[in-house]
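Based on the provided sequences and hints, a complete structural model is requested.
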Amino acid sequence: MAKTANTASAKANGEEKEQKHTISILVENKFGAFNRIAGLFAAKGYNIDSLTVGPTEEGDISRMTVVTRGDDQIIEQITKQLNKLIDTIKVVDLTFESFVERELVLIKVQSTTESRSEIMQIAEIFRAKVVDISSKTLTLEATGSEQKVDAIIAMLKPFGVKELARTGRVALKREFQGDV
Amino acid sequence: MPHSKVHNANHNHFGKSMTGSEIFVRCLIEEGVEVVFGYPGGAIIGVYDALVDLSDINHVLVRHEQGATHAAEGYAKATGKPGVVLVTSGPGATNTVTGIADAYMDSVPIVVFSGQVPLKLIGNDAFQEADIVGITRPITKHNYLVKDVRDLARIIKEAFYIATTGRPGPVLVDLPKDVMAQKTIFEYPKSVHLRSYNPVVEGHMKQVKKAADLINGAKRPVLYVGGGVINSNASAELAALAEKLQCPVTTTLHGLGSFSENNPLSMGMLGMHGTWYSNVAVSYCDVLIAVGARFDDRVTGKVEAFAAEAKKIHIDIDPSAISKNVMVDVPIVGDVKKVLKKLIDLVQPADTSDWLKTIDQWKKEHPLRYKVGNALRAQYVIHKLGEITKGNAVVVTDVGQHQMWTAQFFNWVHARSHITSGGLGTMGFSLPAAMGAAFGRKDLPVISISGDGGFQMNVQEMATIVEHKLPMKIFLINNGFLGMVRQWQELFWRRRYSHVELYNPDFVKLAEAYGARASKVTEPGQVEGAIRSAMEYNEGPVFVEFAVAKEDNVYPMIPAGQTVNEMLDTPEPVAVTAEGDVAVEEMMILTKG
Ligand SMILES: Cc1cc2nc3c(=O)[nH]c(=O)nc-3n(C[C@H](O)[C@H](O)[C@H](O)COP(=O)(O)OP(=O)(O)OC[C@H]3O[C@@H](n4cnc5c(N)ncnc54)[C@H](O)[C@@H]3O)c2cc1C
Ligand SMILES: Cc1ncc(C[n+]2csc(CCOP(=O)(O)OP(=O)(O)O)c2C)c(N)n1
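Here the protein sequences come in this chain order: S and D. Per the numbering used here, the very first residue in the first sequence carries number 1; after that it's consecutive. Per the numbering used here, the very first residue in the second sequence carries number 1; after that it's consecutive.
No lab work stands behind these hints, which were simulated from the structure alone. There could be a bad hint or two in this list.
Below, simulated DSSO-like cross-link-like pairs (lysine-lysine); rule was C-alpha separation at most 27 Å, straight line [unchecked claim]:
{"#": "1", "chain 1": "S", "residue 1": "Lys80", "chain 2": "D", "residue 2": "Lys157"}
{"#": "2", "chain 1": "S", "residue 1": "Lys80", "chain 2": "D", "residue 2": "Lys209"}
{"#": "3", "chain 1": "D", "residue 1": "Lys206", "chain 2": "S", "residue 2": "Lys30"}
{"#": "4", "chain 1": "D", "residue 1": "Lys157", "chain 2": "S", "residue 2": "Lys84"}
{"#": "5", "chain 1": "D", "residue 1": "Lys147", "chain 2": "S", "residue 2": "Lys84"}
{"#": "6", "chain 1": "S", "residue 1": "Lys80", "chain 2": "D", "residue 2": "Lys302"}
{"#": "7", "chain 1": "D", "residue 1": "Lys190", "chain 2": "S", "residue 2": "Lys90"}
{"#": "8", "chain 1": "S", "residue 1": "Lys84", "chain 2": "D", "residue 2": "Lys244"}
{"#": "9", "chain 1": "S", "residue 1": "Lys84", "chain 2": "D", "residue 2": "Lys337"}
{"#": "10", "chain 1": "D", "residue 1": "Lys244", "chain 2": "D", "residue 2": "Lys342"}
{"#": "11", "chain 1": "S", "residue 1": "Lys84", "chain 2": "D", "residue 2": "Lys342"}
{"#": "12", "chain 1": "D", "residue 1": "Lys183", "chain 2": "S", "residue 2": "Lys80"}
{"#": "13", "chain 1": "S", "residue 1": "Lys44", "chain 2": "D", "residue 2": "Lys302"}
{"#": "14", "chain 1": "S", "residue 1": "Lys90", "chain 2": "D", "residue 2": "Lys338"}
{"#": "15", "chain 1": "S", "residue 1": "Lys84", "chain 2": "D", "residue 2": "Lys183"}
{"#": "16", "chain 1": "D", "residue 1": "Lys147", "chain 2": "S", "residue 2": "Lys90"}
{"#": "17", "chain 1": "S", "residue 1": "Lys30", "chain 2": "D", "residue 2": "Lys147"}
Given below as structure tokens:
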């Protein structure tokens with residue numbers, strides 16, 4: 001029989017082209033809405049690289065930003081399943097649009113009198129702020145794209161990173177290059 | 001009797017101050033609810049108190065909350081109206097979980113109201129507290145915890161709206177005891193506005209045209225139709241399309257009845273236990289028109305090989321059902337009835353006579369068959385039942401071999417005449433679901449068919465059925481085994497039987513103890529008489545046990561995850577006589593269409 005691209009459930013097949021997607025979801029700010037979305041990802045076995053949630057300019061609407069991975073079929077199912085939830089107002093896969101993304105990181109790095117200035121220099125290059133200081137540590141705050149955050153962490157690793165907290169990606173569609 | 005009750009949707013109550021409990025009952029009256037299946041308890045006692053004075057609502061006291069949810073499903077499937085359940089918190093609520101999951105899988109509109117501990121105790125491990133909203137989140141279309149009595153009426157209105165529109169499904173509303181005791185002014189909203197929920201029903205004309213183009217070029221089309229046709233009440237439109245195109249039709253388990261099997265275009269059911277010719281036709285077709293069917297793995301088998309030669313059109317109201325399991329060429333999101341109406345006008349009948357001739361030949365060569373012999377066979381019981389009722393009945397099956405034999409050997413002619421648990425495959429479904437159907441349908445006899453395993457999973461509802469003198473026919477197909485599992489062990493596990501033989505009670509005595517009229521049939525010769533006398537008795541339930549062959553298999557069968565090439569057709573009927581001669585036994589055959 002003819003071999004066709006019949007199967008849509010290549011979920012188990014890790015060899016499919018997996019791509020990172022940033023999905024922005026507007027949801028009713030209601031009891032349980034967050035659980036519903038997180039639960040959906042867990043129940044269907046979809047990946048979550050990061051997930052952020054917070055209020056929007058409209059008090060009764062929250063925005064969730066999910067970074068997930070999957071082939072086209074899985075991503076299509078993810079957006080459809082998200083749309084299917086009653087509390088979901090809008091789902092946009094930003095991957096296909098031009099968007100601004102930011103992530104914030106707090107990094108507590110070991111420092112000695114000798115290394116402190118070197119660390120401060122790195123901080124300056126990344127436009128990070130020193131938010132806490134002790135005799136043995138420096139805590140830096142940096143924001144930027146995921147790559148930038150990855151980069152500053154990599155630069156600081158040799159000094160000894162004691163603790164680290166990342167927010168995960170938040171994103172908005174870019175208006176600048178004309179609307180779609 | 002419940003359904004004849006007159007409901008006072010009495011707007012004089014609008015604007016009056018009343019408790020949450022009273023508002024709840026008023027809302028049900030506004031919704032036109034005829035019957036509620038429920039079970040009381042501490043957290044919901046205030047609501048039960050309100051039922052005393054507002055007796056317009058017919059409340060049926062079930063014997064187990066699982067029975068209530070299945071009854072609500074049976075009622076909903078038989079009538080097209082939402083089924084309603086009322087239970088208490090904790091164990092009352094958790095007992096509804098199986099029925100809710102079942103309704104979710106099979107897209108059945110039910111609304112479950114559960115009592116809850118007072119708001120201020122939630123999270124404290126209070127007596128009979130269970131986080132039922134959390135537990136049922138993944139198995140409901142939507143659910144609510146009512147935190148303020150002023151939201152109650154709106155939430156109830158939304159719950160019914162969400163359960164019954166778009167792709168239907170279960171909705172749960174959790175009612176904390178203190179909220180239900182608080183008072184507010186009662187107003188029932190006229191309409192629902194949800195900015196985040198707007199099912200698409202119309203069907204995009206561009207897509208419909210694309211579908212028509214594909215269909216008009218088809219030489220070997222097949223209509224593959226499912227539960228969505230029944231939900232959409234679109235049997236007439238389906239018949240019109242099939243006739244105009246002279247296109248053969250196969251139905252899923254949930255599609256049975258949506259297209260009359262008396263129509264020569266019918267091929268009966270497809271899938272794992274579908275007819276040989278429907279499965280083969282699907283694998284040879286050049287255009288597959290899927291209508292309100294969801295490409296379940298019991299239908300597709302190995303997805304890569306399912307209708308691999310065909311361009312595929314898929315009409316479904318749920319966008320997430322499209323290209324979920326099988327990629328389709330022309331998706332149409334919309335309500336079946338509306339889309340079919342548009343499609344019928346655009347299609348031009350092609351000449352399918354060669355294709356129909358081929359299928360007729362297959363039907364002759366590979367009909368459904370079973371051995372006649374002296375032993376009593378389930379297939380024969382069902383075959384006779386179909387003949388005697390002429391398909392004019394609501395038949396509710398359980399899960400197992402008897403379910404598949406009923407799907408195969410009954411003759412399905414009406415929508416909503418077949419009710420079963422397909423997606424979840426819940427044993428214990430039939431008896432309570434048939435009870436619910438009997439509360440909703442007085443125009444047709446309601447027949448419950450179970451195996452000896454599943455019957456015992458909700459047997460307690462016999463009491464409810466007898467109490468209400470429901471004129472149900474309760475048929476037990478007793479093979480002394482968990483037959484379907486035994487069949488798998490026989491065919492795929494080298495006949496190593498592991499915990500599939502049942503020790504059973506005397507079922508006739510059991511039914512009699514509940515107060516039902518009961519009898520037992522052990523020989524083929526008694527079948528017709530027993531069915532006829534059961535069909536004639538209308539004073540209350542009739543129970544008939546059919547003691548059938550212990551080891552018999554459902555054929556055809558496509559083993560799970562395989563293709564038509566691996567389909568097992570009914571084995572040739574050879575028997576070895578005492579003298580060692582090989583004789584061919586007589587077979588009864590049945591052909592659809
Ligand atoms: C032991 C056992 C064996 C089984 N063997 C078989 C078998 O051989 N063959 C078989 O077919 N099944 C079999 N099943 C059942 C199977 O598991 C599925 O439940 C069934 O195939 C699904 O039927 P369906 O595709 O009609 O979908 P349903 O579950 O009925 O879903 C209906 C679809 O229609 C859509 N819909 C609903 N309303 C509308 C509307 N108004 N407009 C448009 N679309 C709408 C829904 O979104 C959904 O996609 C078996 C089950 C058991 C327990
Ligand atoms: C609640 C539940 N438990 C287990 C199963 C698995 N199961 C599917 S069919 C079957 C056997 C059913 O036996 P019976 O009710 O006697 O019907 P038969 O197959 O013999 O007709 C079992 C155990 C199920 N479907 N549901």
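Hint check results:
no.	hint	verdict
1	S:Lys80 <-> D:Lys157	holds (25 Å)
2	S:Lys80 <-> D:Lys209	holds (24 Å)
3	D:Lys206 <-> S:Lys30	violated (37 Å)
4	D:Lys157 <-> S:Lys84	holds (19 Å)
5	D:Lys147 <-> S:Lys84	holds (24 Å)
6	S:Lys80 <-> D:Lys302	holds (24 Å)
7	D:Lys190 <-> S:Lys90	holds (26 Å)
8	S:Lys84 <-> D:Lys244	violated (35 Å)
9	S:Lys84 <-> D:Lys337	holds (21 Å)
10	D:Lys244 <-> D:Lys342	holds (13 Å)
11	S:Lys84 <-> D:Lys342	holds (26 Å)
12	D:Lys183 <-> S:Lys80	violated (40 Å)
13	S:Lys44 <-> D:Lys302	holds (20 Å)
14	S:Lys90 <-> D:Lys338	holds (26 Å)
15	S:Lys84 <-> D:Lys183	violated (34 Å)
16	D:Lys147 <-> S:Lys90	holds (26 Å)
17	S:Lys30 <-> D:Lys147	holds (11 Å)
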